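S.K.: The residues making up each chain are set out below.
2 protein chains.
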Amino acid sequence: MNALIVFAHPEPRSFNAAMRDEAARTLAEQGYSVTVSDLYAEGFEAAAGPGDVLERANPERFDLGAEQLAAAETLAYAPDIRREIDRLFAADLLILQFPMWWFSVPAILKGWIDRVFAFGVAYDFGRTWDRGVFRGKRAMLSFTTGAPANVFEPDGRSGDLERVLWPLHGGVLALCGFSVLRPFTAWAVPWIGDQGRAEVLARYRRRLQSLDEEEPLFFHRLADFGEDHRLRPDVEPGTPAQHRGPRKHL
Amino acid sequence: MNALIVFAHPEPRSFNAAMRDEAARTLAEQGYSVTVSDLYAEGFEAAAGPGDVLERANPERFDLGAEQLAAAETLAYAPDIRREIDRLFAADLLILQFPMWWFSVPAILKGWIDRVFAFGVAYDFGRTWDRGVFRGKRAMLSFTTGAPANVFEPDGRSGDLERVLWPLHGGVLALCGFSVLRPFTAWAVPWIGDQGRAEVLARYRRRLQSLDEEEPLFFHRLADFGEDHRLRPDVEPGTPAQHRGPRKHL
Chain A
58 MNALIVFAHP
68 EPRSFNAAMR
78 DEAARTLAEQ
88 GYSVTVSDLY
98 AEGFEAAAGP
108 GDVLERANPE
118 RFDLGAEQLA
128 AAETLAYAPD
138 IRREIDRLFA
148 ADLLILQFPM
158 WWFSVPAILK
168 GWIDRVFAFG
178 VAYDFGRTWD
188 RGVFRGKRAM
198 LSFTTGAPAN
208 VFEPDGRSGD
218 LERVLWPLHG
228 GVLALCGFSV
238 LRPFTAWAVP
248 WIGDQGRAEV
258 LARYRRRLQS
268 LDEEEPLFFH
278 RLADFGEDHR
288 LRPDVEPGTP
298 AQHRGPRKHL
Chain B
58 MNALIVFAHP
68 EPRSFNAAMR
78 DEAARTLAEQ
88 GYSVTVSDLY
98 AEGFEAAAGP
108 GDVLERANPE
118 RFDLGAEQLA
128 AAETLAYAPD
138 IRREIDRLFA
148 ADLLILQFPM
158 WWFSVPAILK
168 GWIDRVFAFG
178 VAYDFGRTWD
188 RGVFRGKRAM
198 LSFTTGAPAN
208 VFEPDGRSGD
218 LERVLWPLHG
228 GVLALCGFSV
238 LRPFTAWAVP
248 WIGDQGRAEV
258 LARYRRRLQS
268 LDEEEPLFFH
278 RLADFGEDHR
288 LRPDVEPGTP
298 AQHRGPRKHL
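Chains as they are written, first to last, in this note's numbering: chain A, 58 to 307; chain B, 58 to 307.
This is chain A alone, in the form it adopts within the complex (with noise of 0.2 Å):
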């Protein structure tokens, strides 16, 4: 079994890196051969643009997508993209590490999904969620916060958790067929002490130790939505970003 561990914090002593380093070794204790994408180090370019492709498709006008596409028969694609390609498709286990930054991914990390889950490769007409391409692959998100876990209960100041992490989730995860577990939290690190990191760290490698148990996350299949796109009326939304109550703000 290949582990990728994707890392995205610029600083090599940081907590995230020995989240990172105590996931490497861990999982390669379990069995498994590790990888470490550092984006950083490795001076990942993060903005996609025309560069991202070897021969563009239309060179009047850039069109992310479909340059993607046209260059995905081949993996025409820049370097970087290309190892990072290689990378993910020998991976049977995906590890994004990195500190939640404005309830998100940092922007170098957000490269990475945008330039390196690429149209044709990563996902394509049919082949999203349930029949999507990294199907049988788990993938799941590692971060660190600021704030404390109050703070993103369904009550919480940030709002509810779950609802914060369905972009990454749903909208590149489960999208593109992976089976999702649930992200491990490193909540208010720099509040909590060397004694508190160190306690992380055991949480964090007893996770690991049993991943192999875990059952996925629930979303819906594609057989779940009808022609419009929208659930079934037989069908119980379940999971955190579908549902039929009335909305809040739209």
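None of these hints come from the bench; they were simulated from the model.
Errors might be hidden in some of the hints.
As the list claims (entries may be wrong) - Some chain A residues near chain B, calculated using beta-carbon distances under 8 Å: (1) Arg70; (2) Arg118; (3) Gln252; (4) Pro273; (5) Leu274; (6) Lys305.
Unchecked claim - With a Cα cut of at most 30 Å, we get these calculated DSS-like pairs of lysine-lysine: (7) Lys194/B / Lys305/A; (8) Lys194/A / Lys305/B; (9) Lys194/A / Lys194/B.
Bear in mind that the values here come from a model prediction, so they are computed numbers and not experimental data.
For each residue, glycine too, the CB sits at the ideal point set by N, CA and C.
Fit chain B to the given chain A structure using the hints.
M.R.: Leaving out everything else, chain B in the frame of chain A:
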């Protein structure tokens, strides 16, 4: 009144660029002085890192928040950050114009948030939400999608749009004190033809002409929360992310 349009598309002839131009023209007609931050054209750096500050507070170990805070008083940031901070603080109205990629902003725009919304500048201890730095100013997302609107209905395949947008609406804009206006969405742009796109621009134009009469979206005040960071028992959850129902994933 000053408006800042932050534009995050790599192609100058994209429909996003047409939306940017429509907004700039219409707002100028309304008497706004309009500035455009063209992140790709200006070569804005997406990845937050040690280069963001002119002098390191801690040369041994890079912590983004700590370094941002130490540099805040004299705004001792890299020139591209300093320029964007000046533009941001001069603006009464902020529009983020982008293609929705992976249920969020492109990496270059996430990087603009990571780097420009600096700790000590755009937020601070106790200066968040209704006590936020940008209170009294308005902000709006304006974006294109490849998918049709049904996909982002409450029971749609991608989940309710207002939950998808929470990390941006709540986690960035409202958290920093902005009055957040309803987003403007250009749906299924690649599939609607020239006529359809012209109609979207006309609809956007009408929207911008009456922007000053709009009521902003609702977010909870800090006083709605107890010391445990959770809604007081007598406060009814009123946003897309706060609720008292059961969780689905966590």
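S.K.: State for each hint whether it applies.
M.R.: Now for the hints, and whether the structure bears them out:
The restraint placing Arg70/A at the interface with chain B holds, with a minimum CB-CB distance near 5 Å, inside the 8 Å limit. Proximity of Arg118/A to chain B holds as hinted, the smallest CB-CB distance being about 5 Å (cut-off 8 Å). Taking 8 Å as the C-beta cut-off, the interface hint given for Gln252/A is violated, the closest approach to chain B being about 19 Å. Interface hint at Pro273/A: violated, since its Cβ lies 10 Å from the closest Cβ of chain B, which is beyond the 8 Å cut-off.
Residue-level restraint check for Leu274/A holds (minimum Cβ-Cβ distance to chain B is 5 Å; threshold 8 Å). A distance limit of 8 Å between C-beta atoms decides the matter here; for Lys305/A the minimum to chain B is near 5 Å, and the interface restraint holds. Restraint check for Lys194/B and Lys305/A: the C-alpha separation of about 22 Å stays at or below 30 Å, so the hint holds. Simply put, Lys194/A and Lys305/B have alpha-carbon atoms about 22 Å apart, close enough for the 30 Å limit, and the pair holds.
For a cut-off of 30 Å, the pair hint linking Lys194/A to Lys194/B is broken: about 45 Å separates their Cα positions.
Hints 3, 4 and 9, counting from the list given before, are not met by this structure.
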